[in-house]
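Asks: Each chain, written out:
2 protein chains.
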Amino acid sequence: MYNILLKIDRDSSQPIYVQLANEMIQLIRSGVLKPGTKLPSIRNMAKELDVHPRTVVAAYDEIAAQDWICSKPRSGMIVAMNLPELKPINFQSDTEQPAAKNIFSESHDTFRYKLIINDGFPDHRIAPFEQIMKYYKQAFYQNESEKMSMYSNSSGSFRLRKAFSAYLGESRSLAVNMENILITRGAQMAIYLAASLLIKPGDEVLVGDPGYFLANAVFEQLGAKLTKIPVDQDGIDVDMIEKACKRKFKLLYIIPHHHHPTTVTLSAARRMKLISLIKQHQFKVIEDDYDYEFHYAHRPILPLSSAEHDGHVLYIGSVTKSLISSMRMGYLIAPSELISKATHHKQLMDIRGDLLFEDALANLYENGTMQRHIRKSLKLYQQRRDIFCRLLKNEIGNEISFKIPDGGMAVWVVFDKKYNLSELSSKAARQGLRLSDGSLYNSSTANLNAVRMGFASLDETEMIAIVAILRKIMNV
Amino acid sequence: MYNILLKIDRDSSQPIYVQLANEMIQLIRSGVLKPGTKLPSIRNMAKELDVHPRTVVAAYDEIAAQDWICSKPRSGMIVAMNLPELKPINFQSDTEQPAAKNIFSESHDTFRYKLIINDGFPDHRIAPFEQIMKYYKQAFYQNESEKMSMYSNSSGSFRLRKAFSAYLGESRSLAVNMENILITRGAQMAIYLAASLLIKPGDEVLVGDPGYFLANAVFEQLGAKLTKIPVDQDGIDVDMIEKACKRKFKLLYIIPHHHHPTTVTLSAARRMKLISLIKQHQFKVIEDDYDYEFHYAHRPILPLSSAEHDGHVLYIGSVTKSLISSMRMGYLIAPSELISKATHHKQLMDIRGDLLFEDALANLYENGTMQRHIRKSLKLYQQRRDIFCRLLKNEIGNEISFKIPDGGMAVWVVFDKKYNLSELSSKAARQGLRLSDGSLYNSSTANLNAVRMGFASLDETEMIAIVAILRKIMNV
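These protein sequence lines map, in sequence, to chains A and B. Just so you know, the first sequence maps onto residues 1 to 476 in UniProt numbering. Just so you know, the second sequence maps onto residues 1 to 476 in UniProt numbering.
Do not rely on the hints blindly, as some may be mistaken.
One copy or two, it doesn't matter: identical chains are merged, so the pair holds either way.
Stated by the list, open to error - DMTMM-like cross-link-like pairs, simulated, lysine to aspartate or glutamate; straight-line CA separation at most 20 Å:
1) K200 / E220
2) K279 / D61
3) K248 / E220
4) K228 / E242
5) K137 / D123
6) K427 / D416
7) K47 / E23
8) K379 / D9
9) K472 / E423
10) K279 / D67
11) K273 / D61
12) K38 / D67
13) K137 / E366
14) K34 / E170
15) K403 / D11
16) K248 / D203
17) K403 / D234
Derived by calculation from the structure, the hints in this document are not laboratory data. These figures come from a predicted structure and were not determined experimentally.
Given the sequences, and given the hints that come with them, work out the whole structure.
Replies: Put into structure tokens, the structure is as follows:
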């Protein structure tokens, strides 16, 4: 039988025993050889296949090492009763381990949400998706682009960086060249790279309190010592930063527009004072301006980077926030020697982005589609902010406090102390509504009892339904 | 004049001096106020605009801080002669800095290549691109998916991990659950994450020599001490690994199929010995099996991971290599507690992948499109390997040495010592051919005078044209 089932190619460069082993594993896996089946003795198998007995020994050893067969007293080798596929390989303790915890999804994963209050994301329903797809296909079928993309600079698509350099000048008075731009998978990668370049273990880093937990986590991962600077209605407390200047800290991380999580914007007076502190004390700053595009009250304040000419301020922006949350893209703006170092570090973890997608996106900046989309979003999100805040005020206004944000995509809603957010979150889930339990926004010392409520991606019907559920579960 | 040009909104929450500053910057940027224009004195401006003189002082200070205006002796404030936009902000030393060096593109960036010899990439012309786009659109327009994607597990799309767990079982006898899979942007990110979890500064890591430079760079970045183990025609020297076991090294990095750069495959005998060493000495292994799918001589050897049940082997695979080089995707397979930690680390640098794309790809695995595509590619690339190797042998065979690779997408071509690869690379560029100068493949100690020549993405016409150019520049 086995001389028919097992095909041996004597001209192959692969040793015969390996061929034999692989063929037998196939027979076992496909069910031809069932668990418990007795295999021929080494001598009989060798005879049947016309190979040296040592070849059969080696093949059996290989298959046994992979647990497909085992020796049974007085029976010789048999096909294993518990085949390797039937048990998870490597993973003895699997069932006891919880699944990887997603920082954006604290619990209730088994519920199917009908409605979601997110952290502040754009509405993908108004995004220029078809145009992106059109240009993406174009880029793909230009044979050249795909070929060349492998050898495009790892800082990002040449064409997109060119488009960005024009756009950043127009929108933010940031006069930068291509060499000052590194395109990343979302603003988060830009934070990680900037921090990796600047921080050594033990360095002091100033962050806002409350602050952006995923930035803090990066700094801590790199061994930094965090100093928390209070954030009030005018943004981060610059007088406290001035005091810290006496002891030569390494880095300040700041979110000038719509600070995360509280949505406050740095006041102009503080901004000016901060610029003069940077000039005087020459400390490094990561300016995370992920929300620049969405300022409703008036024109956004200009980035610190646009007023600071000595390369101390590294500027970070987000494309994701203007577009579609699943398409992650951001950028880091810095002096070219830093961009060069950041590019090297980026290659270690992500050789290059999707350069066809980046080229496709460049089209949208070049022909003004993105700019129009941002203006359109700005108008719509401002209306939605007003509707949502009015609903909150009218329906549950006595139970919460919030300030209408100047911009951004979320309201910072503080709940009355009588509400336990973890309980509310569970109750909401049972109503089909995803509501954060707020734990991610808390600092290590304080329970803020608050959540960010993203309004930008919700239409009025959804808002009304959400606030009705909130009202119900809060017993208002 | 200024009371017409400068609009002030006294109901705005923005301080008047900020409004004033922003408006004036706009006038300067738009060219209404030309460089050198004298501005009204503080008193006149305040009078004209009906604001307090202190407001004008604050506005002028803000604009001056951003270098839009400056004070000129005996003239008061004038619009700056060198406007901020005309010089690159931050970046005094810009012109002296070289652009970020791309490790995959050593030089000649200004040439327009007609032909490219790459490191070993798939042919995007045969990829199921239209199907991916179709499913991508489907995923996008399923409102739910985009909404939910924000809250999908950061380990990667639920659906794709499920598809992978089935596929890895069928193709590699790797019986893994979703919790054992982390989806990454290319295999490189998987290497970075696995190494970040396992390596502490000072740890000893065993790597092949010659070896994959981008993996070595990751280990060195993390502070590891590299020990280079020779790689010969049977793969890495396992006897040398055995000797190293005496001193308790931390990690072995191994590429079992088509080692990078030399394309050799680990022999079955060495593989078995290595498995027993791992079981005996319990060291950790990163098994980078980026090229598993493309084995021509016979069925690929099974991963070490499939024979090792204690979680010491972390397995890395690549989707990019089976699909399209610009769409970067890979995965890490490990015990769930390690995947959980790796997911946390991944979030710090890349909050989540493009989950719509991942869902789209899951379709292709579920309905067998990917499997068919891989079989088709395998057949085509084997033909191309044979054609390319025959051309090399017939046309320049006396000047080079190479072994026909068992699999993979590249041939490792060693040039006769009389050829200087850096010179050849320059000459090739002038003929419109991109040829690596080989420097990336060299170890620190040896000039191998060799390059990887990717054949998989070349059709016969391109191969003939490439070999003709090689012949010409080598004066054969």
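Asks: All the hints need checking, so say for each whether the structure fits it.
Replies: Here is how each hint holds up against the structure:
Proximity of K200 and E220 under a CA criterion of 20 Å is satisfied in both settings, with 10 Å inside one chain copy and 16 Å between copies. In this assembly of identical chains, K279 and D61 lie within 20 Å of each other by CA distance solely across copies; the values are 15 Å between and 71 Å within a copy. Taking the closest pair of Cα atoms, K248 and E220 come within 20 Å of each other only inside a single copy of the chain (19 Å); across copies the shortest separation is 30 Å, beyond that limit. For a Cα distance limit of 20 Å, the shortest separation of K228 from E242 inside one copy, 13 Å, qualifies, whereas the shortest one across copies, 50 Å, does not.
In the homo-oligomer, the alpha carbons of K137 and D123 lie at most 20 Å apart only across protomers (16 Å), although the nearest pairing inside one protomer, at 23 Å, exceeds that limit. In this assembly of identical chains, the alpha carbons of K427 and D416 lie at most 20 Å apart only when taken from the same copy (17 Å versus 74 Å across copies). Taking the shortest alpha-carbon separations for K47 and E23, only the intra-copy value of 17 Å comes in at or below 20 Å, while the best inter-copy value is 94 Å. Taking CA atoms no more than 20 Å apart as the test, K379 paired with D9 passes between copies only; the shortest distance there is 19 Å, against 71 Å inside one copy.
When the C-alpha separation of K472 and E423 is checked against a cutoff of 20 Å, the pair qualifies only within one copy, where the shortest distance is 13 Å, while the shortest distance between copies is 76 Å. For the homomeric pair K279 and D67, the shortest alpha-carbon distance between copies (13 Å) is at most 20 Å, but the shortest distance inside one copy (67 Å) is not. Taking CA atoms no more than 20 Å apart as the test, K273 paired with D61 passes between copies only; the shortest distance there is 11 Å, against 74 Å inside one copy. Taking the shortest alpha-carbon separations for K38 and D67, only the intra-copy value of 15 Å comes in at or below 20 Å, while the best inter-copy value is 87 Å.
For the homomeric pair K137 and E366, the shortest alpha-carbon distance inside one copy (17 Å) is at most 20 Å, but the shortest distance between copies (24 Å) is not. Proximity of K34 to E170 under the C-alpha cut-off of 20 Å is restricted to the inter-copy arrangement: shortest distance 17 Å between copies versus 71 Å within a copy. In this assembly of identical chains, K403 and D11 lie within 20 Å of each other by CA distance solely across copies; the values are 17 Å between and 78 Å within a copy. For the identical chains of this complex, K248 and D203 are intra-copy neighbours only, at 10 Å inside a copy versus 32 Å across copies, given an alpha-carbon limit of 20 Å.
For a Cα distance limit of 20 Å, the shortest separation of K403 from D234 inside one copy, 12 Å, qualifies, whereas the shortest one across copies, 68 Å, does not.
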